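Visitor: Now for the letters of each chain:
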Amino acid sequence: MSYLPKSPWLVHYDASSCNGCDIEVLACLTPLYDVERFGVLNIGNPKHADIFVVTGSVNEQNKSVIQNIYNQMAEPKVVVAIGACATSGGIFRECYNVQGGVDKVIPVDVYVPGCAARPEAIIDGVVQALGVLEEKYKKMGKVAK
Amino acid sequence: MNTVLFLIVYPVIVALLLLILPQLAIRKFIVVASTAILTAASIYLTATYFNTGAVFFEFGTEALNVGIFAIELVLAATIIIISIKHKQFLAALLMLIGAAMTIWFEQTYGEEIHVANNLFVDNLSLIMTLIIGIVGSLIALFSLGYMEEYHHHHHDMKNRTPFFFFIVYVFLGAMYGVVFANNLMWLLFCWEITTFCSFFLIGYSRDEIATKNAFQALKMNLFGGLGFSAAIILLFMNAHTVELNQLSGLASAVVLLPAALLAFAGITKSAQMPFCSWLLGAMVAPTPVSALLHSSTMVKAGVYLIIRLSPIFAFVQGGATVGLFVAMVGAVTFVLTSFMAISQTDAKRVLAYSTIANLGLIVVCAGIGTYELVWAAIMLVIFHAIAKSLLFLSVGTVEHNLGDRVIESMDGLIVKMPKVAVGMVIGIAGMFLAPFGMLISKWAALEGLVAANPILTVFVAFGSAATLFFWTKWLGKLIMIKEKPADFHPHVPGSQSFTLTCLAIMTVGVCLLFPLISKYSLEPFIASIYGHAYMLDQSNVAILLIMMALVLVLPLRLLSYENLNYKPQYLAGTNLSEKEKFYGSLGLTRDLSMRSFYLASIFGEDKLFKLGVVSSIILILIMIGVGM
Amino acid sequence: MSGMNSWIAVVLYIVLAPIIGGLIAGVDRKISARMQGRFGPPLLQPFYDVFKLMSKENIVVNKHQKFYVLCFLIFVIITGCIFFSGGDLLLAIFALTLGSVFLIIAAYSTYSPYAYIGAEREMLQMMAYEPMVILTIVGMYMVTKSFNVVDIFTYNQPLIYTLPGIFLGFLFILTIKFRKSPFDISMSHHAHQEIVRGVITEFSGKELAYVEIAHWYENVFLLGMVFLFFATNWAIGAAFAVVTYLLEIFIDNNNSRLKWQFALGSAWIVALILGVGNIAVLALK
Amino acid sequence: MAEVQTFQPVTASEIVDAAKNMLNEGYRLIQLCCTKTPSEMDIIYTFEKTDLQSQNFKLPVNIGDTLPSISSVFFAAFLYENEIHDLYGVNFTDMAVDFKGTFYETSVKQAFSITVAEDKE
Amino acid sequence: MAFNVIGKTVMKSLFGKPATAMYPVIKNEFYPNTRGNIQVDMEKCIYCGICGRRCPAGAIEVSKPDKKWEIDRTRCIVCNFCVQVCPKNCLSTERHYTSPMTDKSNRISTFFGQTVQEDA
Amino acid sequence: MGERTIIPFGPQHPVLPEPLHLDLILEDEKVVGAVPSIGFVHRGLEKLVEKRDFHEMMYVIERVCGICSFIHGQGYVQTIEGIFDLEIPDRAKFLRTIWAELSRVHSHLLWLGLMADAYGFESLFMHCWRVREKILDIFEETTGGRVIFSVCKVGGVWKDIDNETLKKIVEVLNVVEQESKDLTNVFIKDFTVQKRTRGVGVLTYQEAIDVGAVGPTLRGSGVAMDLRKLGYAAYGELDFEPIVEKDGDCYARTLVRAREIYQSIDLIRQCVSKIPDGEIDVKVKGFPKGEYVSRLEQPRGQVVYYARANGTKYLERFRVRTPTFANIPALLKMLPGCDLADVPLLALTIDPCISCTER
Ligand code: NFV
Ligand code: SF4
Ligand code: SF4
Ligand code: SF4
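Residue numbers (the numbering used here), protein chains in the order written: chain A, 1 to 145; chain B, 1001 to 1628; chain C, 2001 to 2285; chain D, 3001 to 3121; chain E, 4001 to 4120; chain F, 5001 to 5359.
Quick caveat, the hints were computed from the structure, so don't treat them as lab data. Only a predicted model underlies this, so the values are computations on that prediction, with no experimental measurement involved. Heads up, a few of these hints could be off.
[What the hints assert, rightly or not] The calculated lysine-lysine pairs, modelled on DSS-like cross-linking and capped at a C-alpha distance of 27 Å, are: (1) E:4068 x F:5051; (2) F:5229 x F:5181; (3) F:5168 x E:4012; (4) E:4068 x E:4012; (5) B:1567 x A:138.
[As the list claims (entries may be wrong)] Partner residues are not named here, just some residues of chain C that face chain E (Cβ under 7 Å, in silico): (6) 2030; (7) 2035; (8) 2037; (9) 2039; (10) 2145; (11) 2253; (12) 2254.
We put the CB at the ideal spot given by N, CA and C, even for glycine.
Turn these sequences into a full structure, and let the hints steer you where they fit.
Guide: In structure tokens, the structure reads:
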């Protein structure tokens, strides 16, 4: 057992979200949903974070930003794509400047559908991410050995 | 005795030799040899006298006195002529008054003056000897390579290197004279020579600013010299003595005013407020000059004198009040110059301010003059001399390689010039961090001050806080790890790197050895004056040594890191694949760039300087007033 | 304290301080959460965090930063050791300063703009609280005639009687040292700050854990300082240390973060009025 | 409810003066809106007074045209102008801040300059 | 100017019950209006394809020949437009959101009319 | 070498949830230059009009932004109705007004929270968002969505709110009003908050007008401009005055927003008491043809819609000029000369919504 699932720290990036999913992510931190109960902190810095929460779809300009943030995170790390935009491009899929879901540029581990994704769904998504995190940690241990 | 004379005379001979033999190879040989000789002689002297207590030498003849008098007049005339040539009439006037006082004094009382002991050695002199002998001659050695490069960088300037070395060695001789003289008139003579040397060296480049600053230094130091002369005259008129060792035995009514005047002279020489501007101006001189005169030796003559006075402040009735005001001048200087150092971008100016601040702290200690504080003061002198000259010389070296000496240009120096940077880091750490020397002395100073005068600790507390700030930010600049520019090839001549290495080792070594220094040198010295000595708490010493050992050993850890995954800095997601660049607005590729805080709105020079000048002038007036 | 006792104290400190410090941090987070109307994390959350950080991959900007952070931790521990073994208080503070300087240059060495500003601000904060810390010790000396913690500890009267001003001043700067609002300028526990995480922006994994542990040690040391003011009675001393910390939590949740100008200015003014005032009163006596 | 809306035509040479006029009359700039249909393309300048009265100008343009910027009159105009430059390919001279085509870095350059209807043709 | 203005609120919260809903320990109640997962009643569907054509997100695909009604849950923006336009009222919205998934292939829910074997 | 400190501020930055990028050029902590760049959220949704018919487009436009989503929907349908010259039933107008004002309350509470967070007042942030959840509950209960409602349609609204629920809303709002009072008091009276907001980012009356600021940013500088005074939806029948503060600093803008919360609550109460019974929509026949500019008051200020239709089911062009877009010049005016610590504050003081801005 590692302590990863007990203390998942998030870094949140608003790709080209409409803010709908964004504020729901923030809402998770606030009293009604309070994800700090699970040790979740919105740490805001990829170097400290275990879970990369992306809302919104990928466009020309934020593509590199998403990659940069992802690259700066320490293993083990998971990516949670939140909302229709981040999972598939959603309603903006056909816009000229939208390249699609986040999995176009980085590997995504958990998809949270919805528009906007509800806080409950986000919490579920994070909980699923914890499982993935634990698995990745085990794999990492094997590689090290 | 012979060694003492040798130490005074030898440098002067070397100086003359260097002046008449301008060939580079010969100079090199002479300087290298002299470094060895002076170092050896200083050590030998120390070894001879370090546990004999104070030893006095009668030495001296009438002819010598006449000779000194003659030289004084010639020098005075020279200075007056130079001053008038540069339309610096105030300087000429001050020199004239000084000369007039000397002549008048010689004429009126010349016959009556009988000096039992002209020279002496005690542990304080010995410590100064070592500083002059080792640090001083190392700096001379450093100058060898430096001056060559200096003229390489300033080719439009006339190369007067022989003259430079001449002055430097004359200065060393004079400095020995200052610390060995028991006859105050001799002391004054050497004192004035150091002033002149400083004048010539500041003005070395002969450009406008240099000349102006040289005269400023001259004026202020001459002004202090007037105080010195006046003190001697008063002393003789009232007490019929001009001997340093007699002072603390004199009656309070007789000695207080001369003591105040001497302290005043010390204050000018050690560039305390309101006279600190001359030392700042002196930074135009080539860097070894700053290291030699303006941090490790000449300015130390000022505090040396005040330390010599501290028994008077401690024992003579009413002396404590005079001492308190001396200390207050030091305290004000310490706080304000520490503050002002924060707002400086020029490395040498930071060093200058820090020097003034440290001298201020020494003045505080000497001014109160209890045995603990004298211990602290002398320790400060030692540590400061070494660490500061290391810093000055490193800055000089860096300046020649980077093209300027702005602190901001030094970021990443540890990557660009690792050795020099490590030296600088040691020097900086030596200036303000536990377990290094300055901090040990500051600690003793604090402990002494709390016992003697708690209000003064307030100054130390605030000043130290500022010190912490400006040193740390510089330190931070040096140790930044950044990409090394491909086209950067530093060049450090052998003489320079040798000096830097020696000084760095000494900075650390002195910290390791300080319990011994204290035990065998300072404690007996202080005990001889105060009857009991300052003893270090052994467990604290142990802790300090443990910390020191850790600081020395921990860096080995650096060698053992493996399996690290290198990731670039966090740049809010705008990183580019190139290191230390990011994709900025308007489609620009921007380099990382960082500038330290200078907080000019709070710690700017203009306001604080005025404040310091006004308050210190008031304090000095009171000090002299109390003496009367 | 005799030699043996002080060794025991050192060992106890090294072992217990992180546990106590971690628990304090846990309680802190829990209470803060409740004050914010939230349920809050488990009590042991800080330990989970640290253990987790320990198991993360090692990423660094350069290897020097790891070394500096290690030094930071070591010297903070040494500080506590000096203190709890009854040693010289000034020396303890100097060791702490050295530790803090290591943290700062660790931040500097990364050459990262955010860590950089954090480091500069950290230095500003040090400059802000240093005078008051020294004045506190000066005050203690004036009363007890000793810099040694043992002597201060065994002094026959609680220091608070003679040093009320200094105690208040110390409380004030304690807010800076605990990195609580309104003075959590250089790094704060919650990340929503203009300089990201300030000093610690570039640390991750183990180093971050070290920094955290160092803070636990440091907090225990600081509470030890508070304890000294009431030292004649263990219970009262401990109680006051607890109350002090609760007060800090309360202040943290009641104020917004102020700027460095205010931190520096107010801390110095407090030091001048409360600290110097108290010392002046003592000196006149 | 619908207020009567007029779109007063202007030309490229008049627009700066028209903007100055508006400024003198106490109007401020509300928006620049470029519209491209298969048949025509124009920019609408909307001004408004603090009493909520508004006024529209319509300026016919073509892709690749160069217009004078009105950001010297209304500072805020530079945002709209940069936007129009990036999305429609209309150039502006002397913008207060010129992003040089990096205002929106889109994968399809000047996306609005082609309309679906044209695409199909 | 005053200090600790929020003090009262803070203390009240400290000693009161937290506002936290404790999801997922306690399941949340949704409102009757809550929009969520789109469900289809295949009995009624006539595969007219209106829902698919009008879905702003293009999440629905209807195939008359296969008697297939398919929705991509990651595309659906839960707008309810399909429910509102379906002529047969065979679409409805659940009062529960679509659950997160780790495997993207789960995103598509396919429904078949009776005539086709339900073995996919 | 470090002549100046250059900081890439954003797009991913913990203090600004939204991807705005600024190159900040600092001396000490003073900002001496700030160059913005946007485009991280640009999707180009306006161009979707060519692929979505004018009914479906409503759902796209709602997703211009998840905070001011409702008013975007409302603005869109109002513009189309403007082209049609269509009069909608009064009840629909009132319902739209109620939702719009609720949106304003939620948006302002959200903003107050973020503002508190920007100066490190975590507990205040939490409490603001705690209160805000109550409004979201109303949304979910009446529309089915917490942030995106999808209730507007050309010609009216999709869902009615029965009178029972309306009463309940008023009751909830009473509680919200009470709790907000405690919180806005902090913004108004607290020493540390004032220390951070007073005199920071001053925008004078004339400057505010010149740079084209809108909404609370404008009203905080003493300009009484509120688009609701145009009387669209049901505003013509309601009694209110624009809220104005003189100082033009962050504090004044905070005050404007705090007071607008109560104004909105009051407007909703008026609506509930005045709302007529009746239909909630009218049938829309045919396709729009013509062009129309409509202006509405969003929580962040004036929003301008422009639509052009050519008589087919697809519009030719639809454009939104959002309040944040108009406020960016104001931000650029305020930034130079402030401290780094003020940057998030100033960025937030215009209540930036980048997704609105870039669409
Ligand atoms: N800017 C903006 Fe909006 C608002 N209010 C609007 O049109 O939030 Ni996202
Ligand atoms: S999924 Fe919907 S709510 Fe979320 S960001 Fe995309 S459009 Fe906005
Ligand atoms: S609109 Fe209704 S009936 Fe038509 S295909 Fe869709 S679900 Fe079936
Ligand atoms: S709810 Fe909206 S997006 Fe989802 S399937 Fe129905 S119409 Fe499409």
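Visitor: None of the hints should be skipped; say for each whether it holds.
Guide: Outcome of the hint check:
no.: 1; hint: E:4068 x F:5051; in the structure: holds (25 Å)
no.: 2; hint: F:5229 x F:5181; in the structure: holds (26 Å)
no.: 3; hint: F:5168 x E:4012; in the structure: holds (25 Å)
no.: 4; hint: E:4068 x E:4012; in the structure: violated (57 Å)
no.: 5; hint: B:1567 x A:138; in the structure: holds (23 Å)
no.: 6; hint: 2030; in the structure: violated (10 Å)
no.: 7; hint: 2035; in the structure: holds (4 Å)
no.: 8; hint: 2037; in the structure: holds (4 Å)
no.: 9; hint: 2039; in the structure: holds (4 Å)
no.: 10; hint: 2145; in the structure: violated (38 Å)
no.: 11; hint: 2253; in the structure: holds (5 Å)
no.: 12; hint: 2254; in the structure: holds (4 Å)
The earlier numbered hints that this structure contradicts are 4, 6, 10.
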